[in-house]
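Hey, can you work out the whole structure from these sequences and the hints?
Protein chains in written order, with my numbering: chain A, 1 to 172; chain B, 173 to 343.
You may find that some hints are simply not true.
Below, computed lysine-lysine pairings styled on DSBU-like, alpha-carbon distance capped at 35 Å [what the hints assert, rightly or not]:
| hint | chain 1 | residue 1 | chain 2 | residue 2 |
| --- | --- | --- | --- | --- |
| 1 | A | K118 | B | K300 |
| 2 | A | K118 | A | K12 |
| 3 | B | K333 | B | K284 |
| 4 | A | K118 | B | K284 |
| 5 | B | K333 | A | K118 |
| 6 | B | K300 | A | K12 |
| 7 | B | K300 | B | K333 |
| 8 | A | K12 | B | K333 |
| 9 | B | K300 | B | K284 |
Source of the hints: derived by calculation from the structure; they are not laboratory data.
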Amino acid sequence: MNIARELGPLLKQDEVILWQGRPTRYFAPGVGAFFPVVFGLGYAAIAGYGAYVAFQGGVFIMLAIFLMILGLSIASYALFNGMLIRRWSHYALTNYRAFVMIDHPLLGVDTTDWPINKHTDLRHNAHDPMTITFAYAPRRFFGRSMRVIGFEHIDDGLNVFRVMMDVRDGLH
Amino acid sequence: MNAQEQSARKAPVALGPGEHVLWQGFPAAPPRIPARPAYSVVTLSSAFGFWAYWMMVPELPFLRVALLVPILGFLAMAAYPPLTARRRATVFFNSARYTLTNQRAVSAHAEKTIEVPLSACSKIHLGKGERQNLILWNVNGGTPSQPVYFHQLENGEEPYKIAQSLLDTLT
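The following block contains the structure:
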């Protein structure tokens, strides 16, 4: 995906791209994956296998298989979703905004922009590759709780963070 | 909703100095709740699966007691839409009022009022579909950090355009 071509029509007249990059592609599930993985595997083992053993044969076998697939899907989603999203993501920083683009193979390109200004709550973690967070957005299926938005698992994160601080302080 | 009810609901919100109303509206239908067949199938069959395992382990009373948690939990999840969520959605639908001023977005109904002050850090999202949900929130996570939802709008484009042009002037 050509970032400059994708962003060209969206940029303001005096807006310039200061940095663009992509997250690493490693398998690196976060701490948040722990509970869904335990729940999903436990669910598949107890509900699915329980139904399978309790109802040897007959239509309930289908129910057992359905429950096992459901439990394994929950665990797989928690383990691999973050890595897949990172593999499809492209990031860009301009002198006004941060762009997060997800080039989804089935749903197409989804571009969101997040303002960087003096009110922006900029944070980074101490890991390498680094994650820089700068915004919050509502969770899609969980009502009023918010999730953190940022540039995840990027190389050279400290330099990007410095540029973002300059943008926040109006130095660009 | 007839014209009399609409005008009664259009009672003005308490405005601050320099504040004026840009748009006011109501939901065209109750908010969507998870009452689709797939939800019931998943929750009820989950309860059934745990109950099947519960039947298999009569010699392990501790495990049987532990298994009651997911069994009752999934049954409660299956019962939630018809028993509680539907009633709450009706209360919400009958009293909800959405207001957009030049300083904030307010969603008020009989049980709760939520508002978001609009600033250079505010963001807006319009959902898809015949009746749209409009979401306004502050991306800097400041207080209050909760988003405001304008649920099930008949013509969501109108408040979206008003709010977007307002946010463009603020940035």
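How the hints compare with the structure:
no.: 1; hint: A:K118 <-> B:K300; verdict: holds (32 Å)
no.: 2; hint: A:K118 <-> A:K12; verdict: holds (19 Å)
no.: 3; hint: B:K333 <-> B:K284; verdict: holds (26 Å)
no.: 4; hint: A:K118 <-> B:K284; verdict: holds (31 Å)
no.: 5; hint: B:K333 <-> A:K118; verdict: holds (25 Å)
no.: 6; hint: B:K300 <-> A:K12; verdict: holds (26 Å)
no.: 7; hint: B:K300 <-> B:K333; verdict: holds (15 Å)
no.: 8; hint: A:K12 <-> B:K333; verdict: holds (19 Å)
no.: 9; hint: B:K300 <-> B:K284; verdict: holds (26 Å)
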